[in-house]
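Asker: What follows is each chain in one-letter form.
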Amino acid sequence: MLKITRRTLLATALAGACFVPQAHAETTLNALFMAQAAYSESDVREMTERFTEANPDIKVNLEFVPYEGLHDKTVLAQGSGGGYDIVLFDVIWPAEYATNGVLVDVSDRITGAMKDEVLPGAWTTVQYQDKYYGMPWILDTKYLFYNKEMLEKAGIANPPTTWDELAEQAKILKEKGIVEHPIAWSWAQAEAAICDYTTLVSAYDGAFLDAEGKPAFQSGGGLSALEYMANSYESGLTNPNSKEFLEEDVRNVFQNGEAAFALNWTYMYNLANSSEDSKVAGKVGVVAAPGIEGKSEVSAVNGSMGLGIPATSENVDEAWKYIVYMTSQDVQDKYAKGSLPIWASSYEDEAVTSGQEELIAAAGKGLAAMYPRPTTPRYQELSAALQQAIQETLLGQSSAEDALQSAVENSGL
Amino acid sequence: MSGTRLTMRAWLMMLPLLVVMTAIVGWPLLDTLRLSFTDARLVGTGGDWVGLDNYARMLSSSRFLDTLSTTTIFAVVSVTLEMVLGVLTALLLNQAFYGRTLLRALLILPWALPTVVNATLWRLIYNPQYGALNALVTQLGLTTDYQSWLGQPASALTALIIADAWKNFPLVALIALAALQMVPREITSASLVDGAGPFSRFRHVTLPYLVGPLMVALVLRTIEAFKVFDIIWVMTRGGPANSTRTLSILVYQEAFSFQRAGSGASLALIIALLVTVLAGVYTMLIRKAAGSSS
Amino acid sequence: MEHRSLPFTLFIYATALLLAAVILAPLFWLMIMSVSPATQLTAKPLQWWPETFDWSRYQFLLSTVENSAGAAFVASLFNSLKVATMATLVALAVSVPAAWAVSRTPAVGWSLSMVILTYMLPPVALSVPLFMGLAKLQLLNSVFGLALVYLSILAPFTTWLLKSGFDGIPRELEAAAMMDGANLFQTLRIITLPLATPVIATSALFAFLLAWDEFFYALLFTSDLRAKTLTVAIADLAGGRVSDYGLIATAGVLAALPPVLIGALLQRALISGLTSGGVKG
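Chains as they are written, first to last, in our numbering: chain A, 1 to 413; chain B, 1001 to 1294; chain C, 2001 to 2281.
Isolated chain A, as found in the complex (with noise of 0.2 angstroms):
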């Protein structure tokens, strides 16, 4: 009886092989991103529909999650076989994944040309231990914002060059009354307030890990950097609610008109600088965030990510066409207004620089001065650790130092 049964039906799978060979063999691929930041929802549902355009026989099922759960479902999607096909995934991931195996190899894909005109800091987002784990296609890092109607109210000529001068500036309008916190950050118990973090981190010269990759943030530039969010936050400068904001957060009260300094991705430059909704459009000045003196002349954080793709994933090569096409210059020039490309020659083509000018000129600065977060396996775990210590310290239970060292207990390292 079972024999017959399963011979029928090999039969009939058989029959119905010899009957459709013709037609296209669609592929369905299932791809993982961030909501907002970068490139926008709908930038990102635009490009793939010009790509299924030009593929009829791949359809892209896309799928938004806010940064938060992007690792979280990257790793748990690997227990099941209809998981993803393409991920975005975060600079400090690498590590992670690759020795838990949980996205491709592709090294042997990227072609000498790509390594050439690629720029050097963006392949460094999806290399670990000299093998490639994707693709890099969002450049970014932090920049330092701000609304040149204020500044111009209250006597400033420009914008700070250092940390200090920052806290100076925004003393200034304080007390002038032009606005009230000065400065928005993104210090919520979430990523967002390590890459601030880190930003300062850079400025101070600090280290996360020493030689033998022991913490060394608990001292010297790390405790620095934590020093100086918490005078910020104590002396009213920055707006107190930050320890509650992510980055959407600090560009809703940017593009306000109630703070006159915000940290902030490359995206809200555009966003904050020409949408309808902004009420500083055609105010936003950018530049580098700043520096220490003595110690460094600007800083900045890595927040680069990559498109990968998952060792579950069975269409491996057609999500390999799916992210070139995705990360490929034209798309990349095409969308520039919200994140810049990580292609070199881009950077001399007026399309994408026209109206685009000032971040430009911040983002040559900037992002060679990109400073990786701690390259571990264990990164969530430390990321977790030095979250609780930044929160600890803006809210007053334990002073910095003690806060850092508690974090060094719980990294994990």
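All clues stand as given, with none of them false.
No farther apart than 20 angstroms at their CA atoms in a straight line, the calculated lysine to aspartate or glutamate pairs in the DMTMM-like style are these:
id, chain 1, residue 1, chain 2, residue 2
1, A, K365, A, E293
2, C, K2136, B, D1031
3, A, K176, B, D1145
4, C, K2044, A, D277
5, C, K2136, A, E314
6, A, K279, C, D2244
7, A, K321, A, D43
8, A, K171, A, E293
9, C, K2044, A, E180
10, A, K174, A, E152
11, C, K2044, B, D1145
12, A, K59, C, E2066
13, A, K176, A, E165
14, A, K279, C, E2051
15, A, K174, B, D1145
Now the in silico label distances, taken between C-beta atoms and shown as ranges:
id, chain 1, residue 1, chain 2, residue 2, range
16, A, E165, B, L1136, 35 to 43 angstroms
17, B, L1207, C, L2266, 25 to 33 angstroms
18, C, K2082, A, A211, 51 to 59 angstroms
19, B, L1033, C, S2063, 46 to 54 angstroms
Calculated directly from the structure, the hints in this document are not laboratory data.
Bear in mind that the values here come from a model prediction, so they are computed numbers and not experimental data.
Where is the CB? At the ideal position from N, CA and C, for every residue including glycine.
Position chains B and C against the provided structure of chain A, taking the given hints into account.
Answerer: Using the frame of chain A, we list chains B and C on its own:
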């Protein structure tokens, strides 16, 4: 039909349910128990026997103790608030007044609102920069500065408790109201004739009818409050400075964000044990209360 | 009615009004946010009533254009509907016979108590093995897998409700039918089930609402529009990455509509269901 055959038939009819529960609850529970003695990771390799290490590490870690106390505070305060508001509401609705039926119908709305929507709604209300609560208290002249409700440890937990109580007190109210309506009119009237004041009437006449049903509500709500995840996940994700991190959030972090399935499993079982003990104590109290009130 | 003093009557009405306000204000505000222009929601001082009603967000979220944000939202709505319906139907299918058996044969009652005790387990205590098990069965990110897991939440609950319903149906009716020569299935079909229809319907409603509300398992076991449910979609929107608060509110209104409508229209049945268990213990 003989008793044995009847029982056999009953077991047969129970079978689908028991199979389902064994497969989806029984087996995972046993497997969690096994995992809790290993250093298994969520994906990839691992899974060596480590004995009681996970338990020892968890029970002695400050993370666990802090989280346990946060969870306890959340559960005790929010359930107390819900019980008090619920009983007061039921007493009100037990009075005759125009619009009573409508008001009782309104009670079902917060209860029917999905938990995640409720959390989202309150998160918007508490927004530090543009939220309705800040606008309200400022426009009423109660404060001049906008507050960061979900950004300060003390107010964040309070804000969560209020959001939780708003959704759940109607359930207590409806249960209490149904119990109140079972109090025979004659008894109330008789005690009125006896000249009992409103408080002594509540204490001696009404309360005995309420105790049983309220105890059931209390157990259900306490168990749920101890397991709380959704509302915190959506509103604060455990922040600021982990001051609203509850046990379930901690397990999620351990097992899924950090991928330490083994130690996450041990923590989950500790919670299960705590809830079981709690429910056991309550059940004893209910039995006692039922014994004394009848 | 007993006599009431005027101040007491006034007090009753005042508290009734306060209660109505406490219940309604947040809900109204959710609806107002969903139709207020975005700039008005970030205005200071905050305006409590929209100058113009902006319905565009509803259009946006309910759009069916392929691969749009709206289509993703609609897909999650349908996923919620599918999962909740499937889980409810299967839960009833296993709990009707079980509840009847416990009601008529108390000797097996202890097994139902065991089943109900599982309610005390936090979902996190089962999540890791369930995750691994579903992965092996290729049921992650699938509405079927999710419905299967929900079954373990719904079935104990419906069995418990149904049992108290069956308890209220006199055994004598069943016995009489049996005497007339009907077998067990005929008896159940002709006598018991018709009489139990109201309680079965109530149980189904509760089960549906429970499944619609579930978040934790859906968060873990679904990853995209093939299975992602509405609660997860809303949590994603509320995750702090959407700058238009009105859009979040709109999603909330849409997700709340089905259960709130069920609650409002069928409140009598729901309240009797809610309280019968509680009052009888």
